[in-house]
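Here are the chains, one letter per residue:
Protein chains: 2
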Amino acid sequence: MGLGPGRLDCLTGQARQALEEAQAVVGYRTYLELAAPLLEGKQVVASAMTRELDRAGLALDLALEGQKVALVSSGDPGIYAMAAVVFELARSRRLDLRSGGLALEVVPGVPALAAAASLLGAPLSHDFACVSLSDRLTPWELIEKRLSLAAEADFVIALYNPKSKGRAWQLGRACDIIAGQRSPRTPVGVVRKALRQGQSLEITDLAGAPQADIDMQTLLIVGNSQSFTYQGRLVTPRGYIDKYGEK
Amino acid sequence: MGLGPGRLDCLTGQARQALEEAQAVVGYRTYLELAAPLLEGKQVVASAMTRELDRAGLALDLALEGQKVALVSSGDPGIYAMAAVVFELARSRRLDLRSGGLALEVVPGVPALAAAASLLGAPLSHDFACVSLSDRLTPWELIEKRLSLAAEADFVIALYNPKSKGRAWQLGRACDIIAGQRSPRTPVGVVRKALRQGQSLEITDLAGAPQADIDMQTLLIVGNSQSFTYQGRLVTPRGYIDKYGEK
Chain P
1 MGLGPGRLDC
11 LTGQARQALE
21 EAQAVVGYRT
31 YLELAAPLLE
41 GKQVVASAMT
51 RELDRAGLAL
61 DLALEGQKVA
71 LVSSGDPGIY
81 AMAAVVFELA
91 RSRRLDLRSG
101 GLALEVVPGV
111 PALAAAASLL
121 GAPLSHDFAC
131 VSLSDRLTPW
141 ELIEKRLSLA
151 AEADFVIALY
161 NPKSKGRAWQ
171 LGRACDIIAG
181 QRSPRTPVGV
191 VRKALRQGQS
201 LEITDLAGAP
211 QADIDMQTLL
221 IVGNSQSFTY
231 QGRLVTPRGY
241 IDKYGEK
Chain V
1001 MGLGPGRLDC
1011 LTGQARQALE
1021 EAQAVVGYRT
1031 YLELAAPLLE
1041 GKQVVASAMT
1051 RELDRAGLAL
1061 DLALEGQKVA
1071 LVSSGDPGIY
1081 AMAAVVFELA
1091 RSRRLDLRSG
1101 GLALEVVPGV
1111 PALAAAASLL
1121 GAPLSHDFAC
1131 VSLSDRLTPW
1141 ELIEKRLSLA
1151 AEADFVIALY
1161 NPKSKGRAWQ
1171 LGRACDIIAG
1181 QRSPRTPVGV
1191 VRKALRQGQS
1201 LEITDLAGAP
1211 QADIDMQTLL
1221 IVGNSQSFTY
1231 QGRLVTPRGY
1241 IDKYGEK
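Those protein sequences? They're chains P and V, same order as listed.
Sequential numbering of the first sequence, starting at 1, is according to my numbering.
Sequential numbering of the second sequence, starting at 1001, is according to my numbering.
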């Protein structure tokens, strides 16, 4: 299930109910802290960030013992998060997910990209691509290929996992690849901790983005060739004014 | 502001509060009906689907008169929805959006793509692209180019606005383009009215997708080369099992 960006008022009613009904709640420590006020009286199992398989396995074990389990992700659980890990593991264990078997439900949440976009203005409002710069599970060559083709397609590009302590050069390289097919003046929104405590944002451009204050809780949105800034907002037009003018 | 997919329990607390505080609510008729129980006692202005500029202009006019206005989209307002239209219009009218001027806030919602993905399983869990097949404002040649490059990049591909009464052939052509670089057996999720009354879904493949029951309230998610189906779910693996195995 998805907690959304972090502020409790960004949770959906469906997600809140799933938490309320859960007997056990499993998740990465930082995300569980976001939901702390809703976890009283429950069995809570927190784990470190890189233990995705452990978390999914534990959640499945508890559920198979008969408990109602909520496995939490921040944002949406289906976007670079835990939902797929659970299904990968369920298939590997050949679990029965049909009626009568284990009841797995994915509860969506507001994804980080929608939260970041809402603070910037409307940068995602035309065709877009979403690319993670983490090469922990994906070969860097494939990430470069995707960036290059997404740039050629003039997609707005959301960059997840732009930088971490041990991974610093990838973002500069990504911006260079995109700038190979888009002006270095293309506006870029940099949003850290969108709709969660400590939120900050900046609008820069492709040339300036690698120097911005960026960590694993930051998401970048690179405009397409039509994106513009207006009074501190980053907007990708849908094209109504160009086509119809204002009456 | 975004209503999310439609069911009222998919609304966030932030969106619910924005509706409660609004004196006037503006939106496309079908979306306003989704939120009807929350609109009592408010000035409600419903309009037809294709009147996006009218809706945005009216919302701005009411706000400039001093009213608190909620302009609603279903899903997330920043993804093929009204947020950009408002900013396009604000720029065209040279409105002051800085402090002391008009206070514009975008309230995110669970996007249709996250709602659809949650029902299918976890199809969006790796890099993905989002493409609208509507050529009302975008030249069809550009849409084809984006589809072709997205397919070459092995993105999971979410297709918005796949078909309407007057626009039937585009989806078949889109599937052909993707199948040029991906097996015709690639799984495709077809979700109609995700998390709203009348919901239905089907998992087919690229060859079968054009024959599915599809309209403007349908979203398609085309898997990448790694996507699989398991017990009625469509999943794009993140790769944990392949890399680490199960302990």
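No lab work stands behind these hints: they were computed from the structure.
It cannot be assumed that every hint is accurate.
[Unchecked claim] Straight-line Cα separation of at most 30 Å, BS3-like style, residue types lysine-lysine; simulated pairs: (1) P:68 - V:1193; (2) P:145 - V:1193; (3) V:1243 - P:243; (4) V:1165 - P:193; (5) P:165 - V:1243.
Hints, verified against the model:
1. P:68 - V:1193: Measuring from Cα to Cα gives roughly 28 Å; hence the hint holds.
2. P:145 - V:1193: This hinted pair is violated, its Cα atoms lying about 34 Å apart.
3. V:1243 - P:243: violated, 49 Å
4. V:1165 - P:193: violated, 42 Å
5. P:165 - V:1243: holds, 22 Å
Hints 2, 3, 4, counting from the list given before, are not met by this structure.
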